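Heads up, the sequence shown is in this note's numbering, so the first residue is 4 and it goes up one at a time.
The hints are simulated quantities; they were obtained by calculation from the structure and are not laboratory data.
Computed from a predicted structure; not experimentally measured.
We treat Cβ as the ideally placed atom computed from N, Cα and C, and that holds for glycine.
Some clues are possibly wrong.
[Claimed, not checked] Derived Cβ-Cβ restraints for the label pairs, each shown as a range:
1) V102 with E8: 36 to 46 angstroms
2) E22 with D43: 16 to 26 angstroms
3) F31 with E8: 16 to 26 angstroms
4) A45 with Q118: 23 to 33 angstroms
5) Q82 with A34: 40 to 50 angstroms
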Amino acid sequence: MTQKENYRFSLGRDDKAHEVVRSGLEAFNTALIGENPYHDFALYARDGQDQVVGGMFGHSGAGWLYIDYLWLHDSQRGQGLGAHLLGLAEEEARQRGCVGVFLYTYSFQAPGFYQKQGYQPMGVLDDCPPGYQRIYLKKSLTA
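Take these sequences, add in the hints, and give me the full structure.
If you want it as structure tokens, here you go:
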């Protein structure tokens with residue numbers, strides 16, 4: 004622990020402290036913009052044997068759907084399943100009243116795939132991980 008003046012700083016997991024910070028920021032935001040709950044989102048693709056061969060998950064809130072993970076089994080890539088999953092996610096986002104979808108991918112993953120689906124780059128973080136880029140993309144659902 005590091006101390007400075009009358010404060011004590013701690014690094015590491017602390018569930019009670021986490022809740023104080025989370026609820027404090029939520030109260031601050033709610034006072035300014037009103038209630039804005041976040042809701043989990045999950046969508047999975049299963050084959051004829053009920054095996055998961057792809058899927059995605061994230062959450063919606065603040066008028067946007069955020070896709071945290073999207074994965075397809077190697078055997079399913081290049082066959083349109085990823086585009087179909089994104090289309091279903093976008094429809095769910097509309098049902099939730101979202102104005103758009105956003106996500107990030109890495110330069111070694113599939114930035115071109117997302118751009119083909121109409122996602123526009125909105126930022127790049129270089130050397131994340133070192134030697135690569137983290138690319139942030141969004142797609143408006145209102146246009």
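Status of the hints after comparison with the structure:
Hint check: V102 to E8, Cβ distance near 44 angstroms, so the stated range 36 to 46 angstroms holds. Remark: the range hint 16 to 26 angstroms for E22 to D43 is upheld by a beta-carbon distance near 18 angstroms. Our hint of 16 to 26 angstroms for F31 and E8 holds, since their Cβ atoms are close to 24 angstroms apart. Separated by about 24 angstroms at the C-beta atoms, A45 and Q118 satisfy the suggested range of 23 to 33 angstroms.
Hint check: Q82 to A34, Cβ distance near 48 angstroms, so the stated range 40 to 50 angstroms holds.
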